[in-house]
Every structure is written in structure tokens, then in C-alpha cells.
Amino acid sequence: MSTLLALQKDLRQELQLMNEFAEENLKSYQVWHHRLTLITQMEPQLPELVKEIGFIHDSLMPDPKNYHTWAYLNWLYSSFSNLPEERGGNRFSSQSWKAELEWCERMLDSDHRFIRSPSQEGHDWLGEKVQLLSGEDEAKGEVIGRGDGRNNSAWSWRWYLVVARNGAQPDVGAELEYALSQIRTIPHNASAWNYLRGIHKHFKLPLSQSLPAILPYSIIPAPSIISFIPQNPPPVTTPANPDTPLPVPFAIEWLADCKAEQAAAAESSEAYTDAGGLYHELAERWDVMRKT
Amino acid sequence: MLPSSAETHDGNRITIAYFCLSALDLLGALETSFTKTERQKWIEWVWKLQANQGGFRGSTFMSTTSPQSTDDITLGSLHSIPQTDPGHLPSTYTALLVLGILRAPAHEWVNKLDVDGLERFLCACADVNGSFSPIPVSQTVQNSDNSPPFQSDARMSYCAAVIHDFVTIAKHPRSRQPASYVPYEPSTETTGRRDVVGSVAVATIEDRCPDTRWEKRTREWLSECQTWEGGFAQHPGLEAQGGTTYCIITSLALLNGSTGQDNWSTGIDSVGATRYLVARQLGGNSDDAHSNTDEVDTGVGGGFQGRPGKDEDVCYSFWCGAAMRVLHGKALFDTEANTRALLNSQSPMGGFGKAKGDYPDPYHAYLALAALAMNEHEPKNISFDKAAECLETNLLAPASTEMRGGEQPRYPSLNLKALDPQWNVTIDSRAYIERCLGDIYNQKYADQGTSTPP
Numbered sequence: 001m002s003t004l005l006a007l008q009k010d011l012r013q014e015l016q017l018m019n020e021f022a023e024e025n026l027k028s029y030q031v032w033h034h035r036l037t038l039i040t041q042m043e044p045q046l047p048e049l050v051k052e053i054g055f056i057h058d059s060l061m062p063d064p065k066n067y068h069t070w071a072y073l074n075w076l077y078s079s080f081s082n083l084p085e086e087r088g089g090n091r092f093s094s095q096s097w098k099a100e101l102e103w104c105e106r107m108l109d110s111d112h113r114f115i116r117s118p119s120q121e122g123h124d125w126l127g128e129k130v131q132l133l134s135g136e137d138e139a140k141g142e143v144i145g146r147g148d149g150r151n152n153s154a155w156s157w158r159w160y161l162v163v164a165r166n167g168a169q170p171d172v173g174a175e176l177e178y179a180l181s182q183i184r185t186i187p188h189n190a191s192a193w194n195y196l197r198g199i200h201k202h203f204k205l206p207l208s209q210s211l212p213a214i215l216p217y218s219i220i221p222a223p224s225i226i227s228f229i230p231q232n233p234p235p236v237t238t239p240a241n242p243d244t245p246l247p248v249p250f251a252i253e254w255l256a257d258c259k260a261e262q263a264a265a266a267e268s269s270e271a272y273t274d275a276g277g278l279y280h281e282l283a284e285r286w287d288v289m290r291k292t
Numbered sequence: 293m294l295p296s297s298a299e300t301h302d303g304n305r306i307t308i309a310y311f312c313l314s315a316l317d318l319l320g321a322l323e324t325s326f327t328k329t330e331r332q333k334w335i336e337w338v339w340k341l342q343a344n345q346g347g348f349r350g351s352t353f354m355s356t357t358s359p360q361s362t363d364d365i366t367l368g369s370l371h372s373i374p375q376t377d378p379g380h381l382p383s384t385y386t387a388l389l390v391l392g393i394l395r396a397p398a399h400e401w402v403n404k405l406d407v408d409g410l411e412r413f414l415c416a417c418a419d420v421n422g423s424f425s426p427i428p429v430s431q432t433v434q435n436s437d438n439s440p441p442f443q444s445d446a447r448m449s450y451c452a453a454v455i456h457d458f459v460t461i462a463k464h465p466r467s468r469q470p471a472s473y474v475p476y477e478p479s480t481e482t483t484g485r486r487d488v489v490g491s492v493a494v495a496t497i498e499d500r501c502p503d504t505r506w507e508k509r510t511r512e513w514l515s516e517c518q519t520w521e522g523g524f525a526q527h528p529g530l531e532a533q534g535g536t537t538y539c540i541i542t543s544l545a546l547l548n549g550s551t552g553q554d555n556w557s558t559g560i561d562s563v564g565a566t567r568y569l570v571a572r573q574l575g576g577n578s579d580d581a582h583s584n585t586d587e588v589d590t591g592v593g594g595g596f597q598g599r600p601g602k603d604e605d606v607c608y609s610f611w612c613g614a615a616m617r618v619l620h621g622k623a624l625f626d627t628e629a630n631t632r633a634l635l636n637s638q639s640p641m642g643g644f645g646k647a648k649g650d651y652p653d654p655y656h657a658y659l660a661l662a663a664l665a666m667n668e669h670e671p672k673n674i675s676f677d678k679a680a681e682c683l684e685t686n687l688l689a690p691a692s693t694e695m696r697g698g699e700q701p702r703y704p705s706l707n708l709k710a711l712d713p714q715w716n717v718t719i720d721s722r723a724y725i726e727r728c729l730g731d732i733y734n735q736k737y738a739d740q741g742t743s744t745p746p
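Protein chains in written order, with this note's numbering: chain A, 1 to 292; chain B, 293 to 746.
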């Protein structure tokens, strides 16, 4: 490797040669580490990084939850957005981050189809090659991947892009609404519920703030929880799909945690009792595997 | 000779050996299946993997020179044997466990194990941010932002934490507190610098270990791996996963010296971690891997997934189950359903693959057995720190009918040995390793004033 790196002119060729090898060995850390080493030594500017990100995006199409590939994507953005000034500084613009978030949203859109049109070349990173087509166009192209609202890796990537990365300026309200919209689409989606909970916890928001939106997914009678619905709540929504099995255990857990939260704040033994009753309900009927 | 499907793992032979031998240890089949001579040959092979600068390599392949016989292996001769390949952190962890599983004689531990080299090797793998590299950082290629190598992750930290435990027992057995930092002294064969490539700046050991206690940095780094889900990721910023959650929880417990007694978990959100782990057991709720649908999983379930939205994988019954035991001293999940699910995942040809119907492999077979062993020997809220005492007081007897609330288990006893969830080896073997490391202390360090770290 050291010899190869000393021959700087061959790095790009080696990276190109690595493409097929990487595609055949997506779950090998050695492969991604080798690629990482090459691109590090290339000291790439944005166009080359765009190409590499496109390669990563394409690699995720056949295996969209591949931990190794997501780790490399994370490394690429983290590394080249945090370079010291003497090494050229941050490579990514706000437009770069916006485009990546849009790609991530397509990954989480269960109705989205990633289409490769026979006549198109390049990568999907800026929507150049892979885009949502319909009707005749879709029939001509090859479906190389599908969005998936349950792709927890994509949810984690969203968290990084919106909340965790250096320079992120999260719109908390928008994130709450995004998670709730995903819950409306797939009410039993663990990732969406966890993301909603994560936003509440990270930004220290009381769980009761989102309670009105999750009520439709619970069959717990309303009178027992009316007392801690915040004033001027947003309109109560209903599950998009009338065939959704109800209640959603995550919603009952949310209710129980709201009660516990209220009990802790008010030191109310009654609220603790209510929370205990809800946990019991959950354990005995709706999530029996976690009864222990 | 490895089967063709495992050829790519030729550099990790010792880890494959660990999975196979530890599985046989759990089954109590080591002594009945193999002769003493065979076991002694394997022990000799493991000693040959010891690198002359400390630690163990994964295989003898790619080694330019190796000792001609085990008679050559003494602490003095090791340093005169030129080798181009350094120790490897996971291989060091598994090699030491294999020596214990095979009951390498105590005098060999005393005479052949280079504990000081092991400690130097450990420090050489420690990076500036608290993570660990699988090989000495000086022999890796530096990233453009001076960040640690790609594979400096939670798995390596776990291996480092267990090795650190070994070193502590061998050198500071009374304290079981973090050992002091031992400066890494580059030999003539190693510059102590990373590869110098083009204009890339190099980091010296002084840059990498500016303070004297890597443990503090490592604990901080491990805590930073906790995610919005409550679980722990391989690096800060990545997705949480059952395996890395185990690695980090156990690393934190080990670095603090014991489990269940101290407040080692106060730096993390243990409630969130518990919720994450418990939620990975499948069945009875909605978290199946049926993408793009809203179907509820109505199956019996009981197995574990590694991440939300993923399918069941037998190895996560160990990773998640062991993490809960390290965190709480007991299982907080339905062990009976888990055992049922695991037994149902067996391959018709024997062993376990990733899931029912998959081709069996040593990794999944061992971890499935390890999970079954923990379920069978559900402990009574004990510390795993004193394994030998546990054996003597029979605290790890299989759960009684009374403990199960009067219900008879719906499957026969598997008669597996009890497993230590921290080191991931049988309690018997852990006790043996502790005894051998204790012998090293008594014969080499007791009179050198190293029992109490500064």
C-alpha cells in the first residue's frame, strides 16, 4: 500500500479498479478501508467527492442497510467537512448538504423507486441519473432500488445530517413533523417512533407535546389522558390506512411514558399508578414479548 | 486447511479457532473429542502467534519468520526473532482465550506470555481520541483529517478492554483498577510514527498519548458512541447496533474493574440502552423487517435482530442478551422464548447459521451456543468479577423450577457450561485464565511494587 501511495498518479486508476471489487465485497471493511486510504491521499476536491458519493449511493441500492457502506459514507462526509485549513478546509457547501438530505429522504420514501434509465450515465447524487419516473419512463428504466421508511440506517443518516454533524442547524418542529408523517404512513414503524422519541429527548421536549398526534394509534380511552394534553394542541390526525392494526404498541408506550413523565414532574402517585396500568396493559396484551 | 468458503479469513485463523474451541468448551466436548497431544499441538501453534513486540497475530501466514519450535519461545528469544507483522488486537484477545480454553499449562503462561509487551502493544493501539486500532497506530496510514483509522471502532475497544483486564490481573490483581499508562518505546524496527506518505503529517506517539491514562479518553469516546436510539454505534455518528452496544457496555464495565457494584454506567443513558436492547427481541410487537408494509409480526418470535427493521440473526441473542446481563446482572427478556427460537434455528446438518435455513458457520454456531448457555444458567444477580468464587458457591446453577414460577421449561436441559458474558468464555475457562494470570503476578510482579497503580 505504501508503494502504491507513493505513486500518486495511479491512485485514481486504482480507485476505479476498486469499483467492481467493492461492489462484490460490500461487507468487507478492508475494501472500504482501502478505498478510504486511496481517496484520502488523492486530496480530492468536490467533483471527485461527488463522484465517490455517487458510487456509495449506488452501492447502497442492492443492500440499503449495509453497515459498512453507511459507515464509509459517514466517514467521507465527516472527514472532508472537517479538514483543517492547511489541508483545504471544508469541501462541502450548504447545497451539498441539502442534496444529500434530499437523497436521504428518497431513501426513506417508501413510494420512491430509484430508476436507472438506459440512456443515462453518472450518479444519482444530484438527481442526475436516478429519479422518480412514472408510467412509460419507468417502464423503460431499470429499478435499482426502492425507498423504505423502515430503513433504520437511513434514519440514522438523517439524524447525522440534520442534528449531529458539525454546523447542523436543526429545525426541531420540522423534524417532529417529519417523524409524525412517517408514522402516519407506516404506523408500526419502529424507526419513526424511535426518531420521534430521540428528537424529544435530545431537545428536552416533553413527550406530551406530540401526544395529540399519536392518540389515534392508541385505543386507550381519552378521558384518562386528557389532563396532560397541552393547551392549543395541533389537530388530531387519523391513521392514513384504515386497515392498520390498532393499537400501535409504540403509542401505548408513549402514553405510559407521558404519564410517568407527568408523575415525575408533579410527584403524583396517581399518575404513577396510571403509568403502571398502561405498562401492564402493554405487557399483558400488546407487547407480551417484553413482559419480562 | 480451511474450507473454501472461509479462505478469505485465513488471516484470522485464531479467531475461527476461538469460535470452534469455545463452542466445544460450552458443550463439554473438548477433552472427549480430542487427545491431549492434539490439544498440546494447538497450544504450541497459538504461542507461535505471539508477536515479538507484544500481542498475538491472527495467523502464521504472511509471517516472514517464525520460531522453529516452541522451545525457541522464551521472553528473551522472542525479541531477537525478526517479524514484519505486528500483533492484532482481536487476535490477541482470542489467542489468550484459546490458551485458557485449551488449558495451556500455567508455567507456559508465566514463561511465555510477554505481559509487558502486551501492555505496550495495547498502548500502541490506543489512538488520540480514545478509540483503538486493530494494529499499532504507528503502522497504519493516517487519514487526511488526522482522525483515527477506519477500523478503530467499538469492537477494537472491547478487545482492548478485555486485554487490559488480563494485564491488570497479571500485574495489579489486588486493585483491579485501571493500570497506569506505559509509554510506548519504539524499537529499532519501528519508528513509532505512522507511514510517511507524501506531504501527510505524521503523528508521533507523544501526539497520540499526551496524557498518562488512555482509559479516561476511551471511556469518553465509548460514551460518545451512544445514539439517539439509546444503543451504541461502532463510531460516534453511526447507527446503533446490538453487537457494538454489547462491546461498549462491556468495555465500560471492564474498564471500571467490575460489574453491578460501581457506578460505571452513570456516564451513559442506561435506561435508553436497556430500552434499545429489550426492543431487539422479536415477536409480540410490530418491529419486524417487513419493509413498506404495516403488517404486525404475529409470529411466536423470541430471537433477536441487530437493528430495527432487520431480520432475526442468532448472533444477536448473544450480543443483546449478554449486554443486558453485563448492564443489569440478569436477563431482562424472555429467555425461554429466546431458547426456543434459537433451537428452532439449528441447521439440519448441525450447528447454526445466521438464521434458520442458512448454512452453518463457526461464528453463528458459537454465539448461538453462548446465548443458549446464558439462558440455561440465568444468574442470580451476581458480579461476574470473581468467576472462581461463583463456581465454588454454585451461584450459576441452572434456573430451578421455583425460579421459573413453578413452570417447567418447555425444552430439555442442554447441559451447556455456564458462560461469562464479559470475556465471552466459559466460567470454567475464565477461572483458569485468572489463575494463570495470578501465577504470573505471584512469580514476576508481586515483588516489583506493581500491585498498586500510581
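Note that these hints are calculated values from the structure, not bench results.
Take these hints with a grain of salt, some might be off.
Taking beta-carbon pairs under 8 Å as the criterion, some of the chain A residues facing chain B (in silico) [claimed, not checked]: (1) N90; (2) S94; (3) K98.
Computed list of lysine-lysine pairs in DSS-like fashion (alpha-carbon distance at most 25 Å, straight line) [said to hold, decoys possible]: (4) K51(A) <-> K27(A); (5) K709(B) <-> K340(B); (6) K328(B) <-> K291(A); (7) K404(B) <-> K622(B); (8) K709(B) <-> K328(B); (9) K646(B) <-> K736(B); (10) K27(A) <-> K646(B); (11) K648(B) <-> K27(A); (12) K622(B) <-> K736(B).
Away from chain A, derived, C-beta distances all over 10 Å, residues of chain B [unchecked claim]: (13) N344; (14) E400; (15) N421; (16) G422; (17) P465; (18) E507; (19) R509; (20) T519; (21) Q533; (22) G593; (23) L624; (24) D626; (25) T627; (26) P640.
C-beta atoms are modelled at their ideal positions from N, C-alpha and C, and glycine is treated no differently.
Structure-based check of each hint:
Evaluation of the N90(A) hint against chain B yields a violated restraint, the C-beta minimum of about 11 Å exceeding 8 Å. Because the smallest distance between the Cβ of S94(A) and any Cβ of chain B comes to about 19 Å, over 8 Å, the interface hint for this residue is violated. About 19 Å separates the beta-carbon of K98(A) from the nearest beta-carbon of chain B, more than 8 Å, and the hint is not met. Among the hinted pairs, K51(A) with K27(A) is consistent with the structure: their alpha-carbon atoms are about 21 Å apart, no more than 25 Å.
Distance check on the hinted pair: K709(B) and K340(B) sit about 29 Å apart at the alpha-carbon level, beyond 25 Å; violated. Our distance criterion of 25 Å between C-alpha atoms is broken by K328(B) and K291(A), whose separation comes to about 47 Å. For the suggested pair K404(B) and K622(B), the alpha carbons sit about 37 Å apart, so the restraint of at most 25 Å is broken. Note on K709(B) and K328(B): the hinted pairing holds, with a Cα-Cα distance of about 21 Å set against a maximum of 25 Å.
The straight-line distance between the Cα atoms of K646(B) and K736(B) is roughly 44 Å, outside the 25 Å bound, and the hint therefore fails. Among the hinted pairs, K27(A) with K646(B) is consistent with the structure: their alpha-carbon atoms are about 15 Å apart, no more than 25 Å. Restraint check for K648(B) and K27(A): the C-alpha separation of about 21 Å stays at or below 25 Å, so the hint holds. With a CA separation close to 37 Å, the supplied pair K622(B) and K736(B) exceeds the 25 Å bound.
The beta carbon of N344(B) sits about 21 Å from the closest Cβ of chain A, which is more than 10 Å, so the claim that it is off the interface holds. Residue-level check passed: E400(B) sits 33 Å from the nearest beta carbon of chain A, beyond 10 Å. Look at N421(B): its CB is around 12 Å from the nearest CB on chain A, clear of 10 Å, so calling it non-interface holds up. Non-interface call for G422(B) relative to chain A: holds, since the shortest CB-CB distance, roughly 16 Å, exceeds 10 Å.
The beta carbon of P465(B) is kept farther than 10 Å from every beta carbon of chain A, the shortest such distance being approximately 35 Å. Remark: the non-interface label on E507(B) is consistent with the geometry, its nearest Cβ contact in chain A lying 25 Å away (cut-off 10 Å). No beta-carbon of chain A comes within 10 Å of the beta-carbon of R509(B); the shortest separation is about 19 Å. With a least beta-carbon separation of about 7 Å from chain A, T519(B) fails to lie farther than 10 Å from that chain, contradicting its non-interface assignment.
Not every beta carbon of chain A lies more than 10 Å from that of Q533(B), the smallest distance being close to 7 Å; the non-interface claim is violated. Not every C-beta of chain A lies more than 10 Å from that of G593(B), the closest at about 6 Å, which undercuts listing it as non-interface. In this structure L624(B) is not separated from chain A by more than 10 Å, as the shortest Cβ-Cβ distance comes to only about 6 Å. Listed as a non-interface residue, D626(B) fails to keep its Cβ farther than 10 Å from every Cβ of chain A; the least gap is roughly 5 Å.
The Cβ of T627(B) sits about 8 Å from the closest Cβ of chain A, inside the 10 Å cut-off, so the non-interface label is violated. Its beta-carbon lying about 26 Å from the closest one in chain A, P640(B) satisfies the requirement of being farther than 10 Å from that chain.
Checked against the numbered hints given earlier, this structure breaks hints 1, 2, 3, 5, 6, 7, 9, 12, 20, 21, 22, 23, 24, 25; the rest are met.
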